[in-house]
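K.L.:
Next come the chains, spelled out residue by residue.
Protein chains: 2
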Amino acid sequence: MKIAILGTGGVGKAFAARLTGLGHSVMVGTRDRSATLSKTEKGSFSEFMSQNPSVTLGSFAEAAAFGEMIINVSKGASTRDVIKAAGEANLSGKIVIDISNPLDFSKGMPPCLIPEFSNTHSLGEEIQKMVPDAKVVKTLNTMWNGLMLDPNMLAGGNHINYICGNDADAKGQVIKLLQEFGWRVENILDLGDITNARATEATLPIWLRVYGAKKTGAFNFTIVS
Amino acid sequence: MKIAILGTGGVGKAFAARLTGLGHSVMVGTRDRSATLSKTEKGSFSEFMSQNPSVTLGSFAEAAAFGEMIINVSKGASTRDVIKAAGEANLSGKIVIDISNPLDFSKGMPPCLIPEFSNTHSLGEEIQKMVPDAKVVKTLNTMWNGLMLDPNMLAGGNHINYICGNDADAKGQVIKLLQEFGWRVENILDLGDITNARATEATLPIWLRVYGAKKTGAFNFTIVS
Chain A
2 MKIAILGTGG
12 VGKAFAARLT
22 GLGHSVMVGT
32 RDRSATLSKT
42 EKGSFSEFMS
52 QNPSVTLGSF
62 AEAAAFGEMI
72 INVSKGASTR
82 DVIKAAGEAN
92 LSGKIVIDIS
102 NPLDFSKGMP
112 PCLIPEFSNT
122 HSLGEEIQKM
132 VPDAKVVKTL
142 NTMWNGLMLD
152 PNMLAGGNHI
162 NYICGNDADA
172 KGQVIKLLQE
182 FGWRVENILD
192 LGDITNARAT
202 EATLPIWLRV
212 YGAKKTGAFN
222 FTIVS
Chain B
2 MKIAILGTGG
12 VGKAFAARLT
22 GLGHSVMVGT
32 RDRSATLSKT
42 EKGSFSEFMS
52 QNPSVTLGSF
62 AEAAAFGEMI
72 INVSKGASTR
82 DVIKAAGEAN
92 LSGKIVIDIS
102 NPLDFSKGMP
112 PCLIPEFSNT
122 HSLGEEIQKM
132 VPDAKVVKTL
142 NTMWNGLMLD
152 PNMLAGGNHI
162 NYICGNDADA
172 KGQVIKLLQE
182 FGWRVENILD
192 LGDITNARAT
202 EATLPIWLRV
212 YGAKKTGAFN
222 FTIVS
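Top line first, the protein sequences correspond to chains A and B.
Sequence positions in the first sequence follow the numbering used here and run 2 to 226.
Sequence positions in the second sequence follow the numbering used here and run 2 to 226.
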């Protein structure tokens with residue numbers, strides 16, 4: 002499948018590498034293609050592209066136009082700008098997987114949530130509101146990115162991933178992609194419509210503190226009953 | 002130990018019964034003792050007292066004065082009034098275990114958090130601010146009350162309980178009480194000071210949705226790493 006990834010950071014690179022490894026065609030979107038390519042130091046996106054030659058780079062709009070499915074991995078504080086730049090026309094009718102979190106680093110560590118996207122609203126809902134004809138599916142945002150893409154590295158893959166969104170068929174297609182990553186259906190809990198992103202984004206405060214206590218992101222929550 | 006429980010609801014009754022069963026002296030606090038005792042129907046506190054004759058009932062202030070340790074099980078929307086009625090003088094210098102959650106049922110189900118106690122504030126911190134000389138310890142608020150008092154009913158007791166508060170010695174004493182309930186030290190994660198109540202209270206949105214999906218409160222989260 003043609004997949005667009007919005008964001009060139011660590012999470013974007015991890016998704017691009019994993020998805021090309023699974024045989025998908027990947028275009029990563031960035032704000033300014035020339036600016037991104039002009040950086041060539043260790044850890045830069047240029048270095049990543051030289052190691053992953055099948056990954057292409059475009060503007061947010063070019064990537065969104067390319068993708069049959071779009072994955073938003075942008076920082077929460079930038080997500081609205083990124084979706085705007087991607088363009089409503091390029092996203093409409095498509096599945097937009099949102100794994101971003103509305104973290105606010107301005108008030109010290111650990112970050113709180115960006116107030117306007119907390120408690121009674123969420124980034125997932127905001128994207129759905131910005132692009133009403135896209136099928137926004139929120140998932141994977143409650144864990145470390147290494148685990149998103151390889152759940153079996155921990156506890157035989159038996160830990161929890163939530164999914165929510167308004168379109169049942171879109172969620173079904175996303176679950177198929179999650180299965181390619183190694184997720185088993187019984188560990189994916191469908192919470193219902195996109196308003197439930199309020200709850201999954203609200204797990205970040207406790208995630209960040211457990212991360213602080215464990216000094217590693219290689220953990221996840223699971224449910225015992 | 003003499004223990005005061007602030008709140009006569011289902012959680013208050015469950016704590017009173019469990020604590021007297023463990024040999025503690027329990028006084029439950031209520032807003033209006035006569036009004037509480039005037040109700041005698043099935044499920045009333047009067048009925049509970051007839052079945053648990055060693056439990057006594059007093060005003061919030063009487064209970065707080067009686068207790069060497071105080072457990073706040075009031076509804077989050079009432080907690081500030083309850084603490085005020087209990088009285089700063091009756092709480093100062095004592096351990097106040099806060100298991101309340103700031104749930105706001107006014108905007109439909111599932112409830113959101115009371116905005117002023119969400120994200121950058123919490124009920125645990127609010128109580129600490131109202132009674133600066135009390136040793137507020139937040140714990141047990143992230144699960145169903147049956148499990149708080151009998152963790153071994155699930156998964157051999159291997160699921161997570163968080164604790165936070167500013168006073169290390171107070172947390173140590175609360176952990177001893179938790180051990181009486183059946184909690185093992187390795188399943189109690191100390192997150193640090195009382196500001197971390199922001200995170201444990203913020204787990205309610207996901208807890209409520211998992212509860213909705215499972216149709217039972219007999220579950221809890223655990224951490225795999």
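Worth double-checking, as some hints may not be accurate.
Any copy, or any two copies together, can satisfy a pair, since identical chains are not distinguished.
Claimed, not checked - Restricting the straight-line Cα-Cα distance to at most 25 Å, the calculated cross-link-like pairs of lysine-lysine (DSS-like) are: (1) K177 - K215; (2) K130 - K108; (3) K76 - K108.
Hints in this document: simulated from the structure, not taken from any laboratory.
K.L.:
Of the numbered hints stated earlier in the document, which are not met by this structure?
P.N.:
Violated hints: none; all satisfied.
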